[in-house]
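Using the sequences provided together with the hints, build the complete structure.
Residue-level listing of the chains:
Protein chains: 2
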Amino acid sequence: MRRISIRISYDGTDYHGWQVQPGLRTIQSTIEQVLSTLDGKSVHLEGSGRTDAGVHALAVCAAFNLDNPIPTDNLRRALNRQLPPDIRILEATERPLDFQPRFNALAKTYEYRIWREEICPPFLQRYVHHHPYPLNEVDMIAAADMFIGEHDFTAFASADESDILGKSKVRRIFDARMWRHEEILHFRVRGSGFLKHMVRHMMGFLLEVGKENHLPEDLHYLLKGHPAKVPYSAPAQGLTQISVEYPLP
Amino acid sequence: MRRISIRISYDGTDYHGWQVQPGLRTIQSTIEQVLSTLDGKSVHLEGSGRTDAGVHALAVCAAFNLDNPIPTDNLRRALNRQLPPDIRILEATERPLDFQPRFNALAKTYEYRIWREEICPPFLQRYVHHHPYPLNEVDMIAAADMFIGEHDFTAFASADESDILGKSKVRRIFDARMWRHEEILHFRVRGSGFLKHMVRHMMGFLLEVGKENHLPEDLHYLLKGHPAKVPYSAPAQGLTQISVEYPLP
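Protein chains in written order, with the numbering used here: chain B, 56 to 304; chain Z, 56 to 304.
Check each hint, because a few of them may be wrong.
Some chain B residues judged to face chain Z by a derived CB distance under 7 Å, without partners named [to be verified]:
1) Gln137
2) Pro140
3) Arg143
4) Glu146
5) Glu172
6) Ile174
7) Pro177
8) Phe178
9) Gln180
10) Tyr287
Hints were generated in silico from the structure; no laboratory data involved. Using N, Cα and C, we set each Cβ at its ideal position, and we do this for glycine too.
So, in structure tokens, the structure goes:
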């Protein structure tokens, strides 16, 4: 048996997110089906994390076991031939048998993009959130910086995430930055890990800062394990997972 | 009654081309439906030309008569609110009552894009033709140049175009240029007018030159009213109509 990791890029618009869900078209199930035909038996694809319906990926990682002795370059080509064009395999790599794309990840990076002008080009509208209304971008940029560091992100966790086991909601954000480039307001965040819906809740909060419903300073208490969830979530389509980083082999 | 022209941008992927066809979703019928709700009666939208199913437009022109006294800026906003996000109205302009977007056009520009590398990004695949196989791009660039000038494009006309009336197939190409920029091979052509399917047949022929099934010099006879149609047509999704030009008011 071999352990193979793949780097995957996808346009999430026409999928119900990463994770297999009965009767729904998802990224994981679409790739698993193709892998299973290659190996002649059911193959389980283990992701580096999940993305919500409509979220995109520039390059995420997943891994699977394979019996087929096909060289990795041929495997990449065979997968791309059978997958729909909105999912692409960028690379396939041989790994140690104990490689776990989720637990071995050192860092993940996400980017959120907001189109700020009245008319959003048809060729970009799948990949940005269109918000042409006034925003205090100076305050948003200041607030984005404040996410850097180790914080308790309880307030930014998904409301449906189980708290029963009392799992830690502390995450380390290595870098968080917002900037405006022409018509697009970008928010890029790199961290050790992210809770379910966390980036969309962070961006939702930043939008409330932009609308002056919150001050950047509100993060002082919101990032200290504040028990109430922020009720803001930015739309999925503006979000792209940029990368997942692993230790050098 | 007023005569209004609109500049329209669209992603043609999910439409059966420009022209109204019973039971099919087209650009023309989608915009006509919204215009008709605005004016409380059926509105006919006259295009500057037709695009095939899957062809895109950066900025094309169309015109209609309207009784509603709504200012043009508000009209643009009202249309964009009701249209799907893959069709955008860039501008609405008051015109003389005799303005005809098709017959008043001075020039049209199209661009065809070919993705030349093995892996076509999911975020671009709707807007390029993916051809990662060997092509003699030097010969293609030489052949593209030869389209410039006034020629009889009978060989590049659609096979289903009626020849009964013996309408002239002579068209003037002001500029035609192919160039490679990073992973993309571009072909841009600007002319007085184009026959149905003409740009896709031109690009289809250029691809045959790239595959060395034709020499650039074959254009010497093909552009002199050669009666047999070239049997090559490049896929619609790589084609975008860039602009339509009109006389200054």
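For each hint, the structure was consulted:
1. Gln137: 14 Å, violated
2. Pro140: 4 Å, holds
3. Arg143: At 5 Å from the nearest chain Z Cβ, Arg143 of chain B passes the 7 Å test, so the hint holds.
4. Glu146: Hint violated; Glu146 of chain B Cβ to chain Z Cβ min 9 Å, cut 7 Å.
5. Glu172: 11 Å, violated
6. Ile174: Cβ of Ile174 of chain B sits 5 Å from chain Z, so the hint holds.
7. Pro177: 4 Å, holds
8. Phe178: Status holds, d = 6 Å.
9. Gln180: Interface hint status for Gln180 of chain B: holds (4 Å vs cutoff 7 Å).
10. Tyr287: Since the shortest Cβ distance to chain Z is 22 Å, the answer is violated.
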